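Protein chains: 2
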Amino acid sequence: MSVSLYLISVPSFQKHLHALDGILDKAIAYAAAKKIAPETLLTARLYPDMFNFTRQVQESCKFAVGSVARLADMDAPNHADTETTFEALKERIAKTLAFLSTVTPEQMEGAEDRPLTIKVGPNEMTFTGRDYLLHFALPNFYFHCTTAYGILRHNGLEIGKRDFMRRT
Amino acid sequence: MSVSLYLISVPSFQKHLHALDGILDKAIAYAAAKKIAPETLLTARLYPDMFNFTRQVQESCKFAVGSVARLADMDAPNHADTETTFEALKERIAKTLAFLSTVTPEQMEGAEDRPLTIKVGPNEMTFTGRDYLLHFALPNFYFHCTTAYGILRHNGLEIGKRDFMRRT
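Protein chains in written order, with the numbering used here: chain A, 402 to 569; chain B, 402 to 569.
Simulated from the structure, these hints should not be mistaken for lab results. All values reported here derive from a predicted model rather than from experimental measurement. Any given hint might turn out to be false.
Treat identical chains as interchangeable: a pair holds within one or across any two.
[Said to hold, decoys possible] The list that follows gives simulated cross-link-like pairs (lysine to aspartate or glutamate, EDC-like), each with its CA atoms no further than 20 angstroms apart:
#  : residue 1 : residue 2
1  : Lys562    : Glu507
2  : Lys520    : Asp564
3  : Lys562    : Asp426
4  : Lys520    : Asp474
5  : Lys427    : Asp450
6  : Lys463    : Glu492
7  : Lys491    : Asp422
8  : Lys562    : Asp532
9  : Lys562    : Asp450
10 : Lys562    : Glu525
11 : Lys496    : Asp482
12 : Lys491    : Glu525
13 : Lys520    : Asp532
14 : Lys496    : Asp422
15 : Lys416    : Asp476
16 : Lys436    : Asp426
So here's chain A without its partners, still in its complex pose (with noise of 0.2 angstroms):
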C-alpha cells in the first residue's frame, strides 16, 4: 500500500487554493468594512525585500500548475501575472483549479522515477518526479500559501489556522 503522485499533489493543491479563495473572500469584506484601500493589501509584505502578497498568491497558483503539468507530463497552461485586484486573484485561483481538475490520475503513472530539470535562477536541479513534488513542490507550495496567509493575519485580517486548513 502506497500513494500515487496524484494523491499527494492535486487534492493537497486543491484544498489549499480553495481555503485561500475563502481567505481572499474575507480580506474584501475586511478592506471594505475598515476602508483600508485594496492597493495596500496587495501590495503588503513582512519585508521590502520579499513577495508582496499577490505575488504570494500568483506563486502558490504557479507551483500548484507547474508541478502538476511536469508530473503529467503535459504543457502548462500560460497565466501570465497580471492581478492587480483580490477579484482577478480569485480568477486566477479558478483558473487553476480548472486546469488541475483536467488532469487525471493516470497521465502521473510512472511519473515517480522519470528525471525532471527544472530552472531554479541561473542554475539547473534534476530531480526524481517523486522528489521534485515532495522536496521541491510541495514545500514551495506551502511556503507561498503560509505567506499570503502570514501577511494578511500581520495586517490584522481576523483569520485562523482553521481558514489556512480550510476547516469547516
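Assemble chain B onto chain A, guided by the hints.
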C-alpha cells in the same frame, strides 16, 4: 509505482528541520552582530494573537514527532515546551531528528488506510493515515516552519528561500 507514507513524511521533516537548525545558527549570529537580545527574536510574532517564533519552532517539531509516531503506531517521546534560548531550540530540533532516525519504513506499512483520531481543540477528527499525513500533518508542519522563517525575515534576518529549502 507509488510512494510510501515513510518517504512522504520522514525525509521531508528531516530536511526542513535541518533547514530550521541552519536558520537558528544564522539568527544566533545576527543577534550577536546587531546586539539584539535573543529574547526579542525568540518572542517575536507577526500579530499579537499568533504564536511567537519559539512556539513556531516547537510546533514544527511536535507535528513531525506526533505524526510519525502515530503513523508508525509508536509512543511519541514527551518533549516539553520549555525552550527559552536559541541553543535550547537547536537541542529540541536535535531530539526531534534523533527520534525520526529511529523510525523505519516497515513500521509505517499498512498505515495508509488505518483510521486515526486526533483532538483538535475541543473536537475530534478521524482520518485515514494517508489523509492525516497529506491533509493535516504535512501542511501544519510546513505552516509552522514557514511562519518561523517569516518572523525572522520580518525582523531583518538576511535569509532567503535557499535557507528554507536547505539547498546546498
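Each hint tested on the structure:
1. Lys562 - Glu507: The answer is neither: 33 angstroms in one copy and 32 angstroms across copies each exceed 20 angstroms.
2. Lys520 - Asp564: Between copies, since 18 angstroms is at most 20 angstroms while 33 angstroms is not.
3. Lys562 - Asp426: Classified as within: same-chain Cα gap 16 angstroms, cross-chain 28 angstroms, threshold 20 angstroms.
4. Lys520 - Asp474: within (17 angstroms within a copy, 40 angstroms between copies)
5. Lys427 - Asp450: between (26 angstroms within a copy, 18 angstroms between copies)
6. Lys463 - Glu492: within (14 angstroms within a copy, 36 angstroms between copies)
7. Lys491 - Asp422: Intra 6 angstroms, inter 36 angstroms, cutoff 20 angstroms: intra-copy only.
8. Lys562 - Asp532: between (28 angstroms within a copy, 18 angstroms between copies)
9. Lys562 - Asp450: between (26 angstroms within a copy, 12 angstroms between copies)
10. Lys562 - Glu525: Between. Shortest inter-copy distance 16 angstroms satisfies the 20 angstroms Cα cut-off; intra-copy 35 angstroms does not.
11. Lys496 - Asp482: within (12 angstroms within a copy, 43 angstroms between copies)
12. Lys491 - Glu525: neither (32 angstroms within a copy, 32 angstroms between copies)
13. Lys520 - Asp532: within (15 angstroms within a copy, 31 angstroms between copies)
14. Lys496 - Asp422: within (12 angstroms within a copy, 38 angstroms between copies)
15. Lys416 - Asp476: neither (23 angstroms within a copy, 30 angstroms between copies)
16. Lys436 - Asp426: So Lys436 and Asp426 pass the 20 angstroms test inside one copy only (15 angstroms; across, 42 angstroms).
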